[in-house]
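Using the hints, put the two standalone chains together into the complex.
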Amino acid sequence: MLEAHGVGYASAQHELLAEIDFTARPGVVTVLIGPNGAGKSTLLRILSGELKPTRGHVALDGQPLASIGSAVLAQRRAVVPQASALAFPFTALEVAMLGATVPGFQLENGQERNAAINALRSLGMGAMADRPYAFLSGGERQRVHIARALAQLACAPRSEGRQILLLDEPTSSLDLAHQGTVLSLLSLQARADVAVVAVLHDLNLAAAVADVLVLLENGRVAAAGKPDDVLKDDILSKVYGCPVSVGRTPANGKPFLLPPALF
Amino acid sequence: MTATLPGSLAQVSGRMATTRLLLIASSVGLCLAALLSLSIGATGITLTAVPRIAWAFLSGHRDGDIAREQLVLLDIRLPRLLLGVFVGASLAVAGAMLQGMFRNPLADPGLIGVSSGAALAAVTTIAFGNSLAGPWIGTFGPYALPVAAFVGGFATTLLLMATVSRQGSLSLGPLLLAGIAIAALNTALIGLIAFASDDRELRDLTLWMLGSLSGASWTKVWAVAPFAVFLAVAAPRLIRGLNGLLLGEAEAFHLGVNLERTKRAIVIVASAGVGAAVAVAGILGFVGIVVPHVVRLLAGPDHRVVVPASALLGGRVVVLADIFARMLVRPGELPLGVMLALIGAPIFLHMIVKSRMASI
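Chains as they are written, first to last, in our numbering: chain A, 1 to 263; chain B, 1001 to 1360.
Just chain B, same shape as in the assembly (with noise of 0.2 Å):
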């Protein structure tokens, strides 16, 4: 026993240093995409205008040329790219966080039923924007769609948690069954209203649905700072109950684990992060449900590092496929949910196939 001890203690911190490489690679990638993200685009400006931009703005130059790529660069790329940030990383944290609760590798954000509210609600804003929905889009003007959005993905939630708590208890196993159930009425909900709607609704609500970065601006980076801040300050305080769920409910609380709390606590940071991200870019599928597990086949299941490493992996992965999304068919964009899937099924198939892990 002794003799073979070190060996296999040394394959331990093996694990212990691919971690720590993990997260340094995927900062460093995100820093690398976050730069090419903001030196794509139609207008011609590249890679090396980048600094002399930011030395222009710095010092206060502000003439012809310089002032319209800054203008491209700081007005329209930069929060293009705050917010491919911020809604890659909240969807791959509420993904993993999810995922740990439920104990199952198949939940995703859309399980408990945020999505799908948040859909249903934008939906009906597009559908009914001249008629039912009209007091609605005036008071927000064109923020209607995003705050709609999210209003809906966050009632879904709270309506889900209400029906399935009992005397302050909250179960998985109907949280996860009423989730999909929620989820499936929204579908239908949605289907009804397609089906009503005229040829521009449903060519609008069809690409609302598939994903886009295309409306960012400054003000929807304020709009989600909020959240992102929220995200950052509760998901580590999550991580420890995290961990203990990965065991079941009863191990976790016998390690010290406040369940009704910690459970509640990731049900609400879930939907918040994913109800902001619906908001301001549409449904985007993928990310959520295979970020974190990329990060678990690198890296394995401690939450301590697949929660900061999904959130940076998540994160570059929208921001590279908004970049193809841009490019492929100039000077139009393809949907990012799309480009998501396209780019990134192919590369998990790969891994799965690569991986000899017995179960993910």
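Pulled out of the complex, with its shape left as it was, chain A reads as follows (with noise of 0.2 Å):
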């Protein structure tokens, strides 16, 4: 279980979040939503340990953050990057690849290969295995990168306890086809037991995904829990500072909503 206590997190000039108390649990999708610069990547940046919160701290089973070793940490939780550019020509499969290099993950002769072949399957990307990786679009080097995370989670040990997954818009270029294909995915972990934290911007799709949905505005969080509870007018309209409706989607009634200017 990854918690936050009182986080906050302030750079010289600004106040970039403050007072973040979060949870997520194991088997849980847990999805950040809020406006641009609402504090959604600085919370998962914090929450991976890459950035140390200025208040408050963080954990990982009650064990504080900080003093976890970047390698131990590594056995535990994946981290997909909103972003990676790389400044030379690894092919798809290499790529993916370095998610088994974590140290301390005892490999099996091949192992690292299978875990980032299956992954590339799975998010549909096993035929350009061998493609470099500077001649993929956006949307395919964004699945290379959750097949690296994937790989990542695959190779590790199983006793070192129950892992993280942590996304930051894995969604952004993809199309509607892959979209499905990661947000499932999602959910596959979360029920393999993967404590699954993602930061999307859509919110038909996080409310399509989340066990639980956490709204932030100007760094601290307007509203959580489930998507029936947080995805209301009210809230919305507030948070985002438009008029909004929230719908049904005919097939199971889940909330959907589009934006203002087009009703």
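For the record, the hints were derived by calculation from the structure and aren't laboratory data.
There's no promise every hint is true.
A few chain A residues that face chain B, going by a derived Cβ cut-off under 8 Å, partial list only [as the list claims (entries may be wrong)]:
id	residue
1	84
2	87
3	90
Note that beta-carbon positions come from the ideal geometry of N, C-alpha and C, so glycine has one too.
Listed below in structure tokens is the structure:
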């Protein structure tokens, strides 16, 4: 379990996050939503250990995150960043295989390749394994990085405890079909008892995949809970600063909304 | 998707086979270059004499001709060969590591100020040998120059790291820029000294800066041996971190790399290697920046290949260039740095033109 208690983050001039209490539980997909600049990515970077909070603390199973070594941490949690540039010509498979290079992984011969190939296949990238990364489209690159994180989790020793998967806008460059692929992979990971935390921009996708939604506004939690409790007209209208009217999908009655200018 | 998979996987395994082949070919190439280097020189001891002399040495024969040949082979050519291999390997490995850490294909060992710091110290020793640097030369005798070069290179690196470190953290952007600034400062100081030097000093320091293995001796070999061992032990431990860093610092951290320790270790290992290389051979450009690229063009950017293959290829390139440097204007010698660029630059240009890689 990954917990943030009273977490705040301030740069020299600006307070980016304040008084955040947050819990990522195994088997649960938690989605961070909020307007641009609300602090979603900053919170995710703090949860990953990459950024140290200036107030409060983050704990993994009760142990302060700051006291856990980078290698031990990497055996339990994988991160998919928003964008990643590569300076040298790796292939898609080689990037995905980097996920298996965490210190302390006890891998059998060929296990890292198999894990990377399986992860690429699960994202529909199997046929492009040997494609140079530089020749991939934005969405394909994004799927390679998700595959890298999945390979990391697949190669991690299970004895180390429940795993955590953190993703920053994993669907931002994806087409309709692959948005679906990625979201169902997140649910699948949660079903395997992984604590999944994703930043999503698209509120409809968030509503579809989230078990728990956390709505951020100006670095603070504006609302948190089940999608039905968070995606309400009054809350969203206030936070996003525009009139919002939440509808329901015909298939399963999940919350559904469009940008107000289109109505 | 599944229908095309076997083919694509075959291609990936193809790259892995190329990798293995490249490592084997580089090893064989280095051995051939070494044999060639031992058997070519002004005294006319040829390849056929090498086994004879080796046998005589092992069986304890020491009559006239054989003794002279032994002297040439064991005391002149062998240390020169070993130094050439060390210098080439350490420059190439340092270049590969710095390019990987900075994620910048243009990074070379000169970038973190080692070469220019070493050059400044060496030039100072040459120009002020009779005055200010007199006591230094008195203490270290014939090794005053290499020792000064090493100390200068390492001092520059420490200065650079102290300048850029903030709260125990080393930021790569400022490190790169400060390295360029310090290198420019060193170069300016070298220019000042050159401006004030007389003709003989000017010639000495110019030739030193063009690089040469002509002063090779067993003492120098023993002096760089600890650095060779240090590089051989430390470099493989940094490979995982280097691969992670290719994705960026945050991603490397996500993959379990201890960032601060790794970055510091890379700077220290690279500058120790380059400092020792510059100390015994002067400034040799080209190897550090080009050899890792050639390896990446052939085998991809994985440091598990790039580091060892760069070491092998770097050693081979320097040994071969040294053979040409010795042979072309006998009995004189061309500066090694000049020879390296003369042979290497056209080959590298050819590879770039032929290569279909989108980015190096």
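Each hint tested on the structure:
Because the beta carbon of residue 84(A) sits about 6 Å from the nearest beta carbon in chain B, less than 8 Å, this interface hint is met. Hint on residue 87(A) holds. Least Cβ distance to chain B is approximately 4 Å, under the 8 Å limit. Proximity of residue 90(A) to chain B holds as hinted, the smallest CB-CB distance being about 6 Å (cut-off 8 Å).
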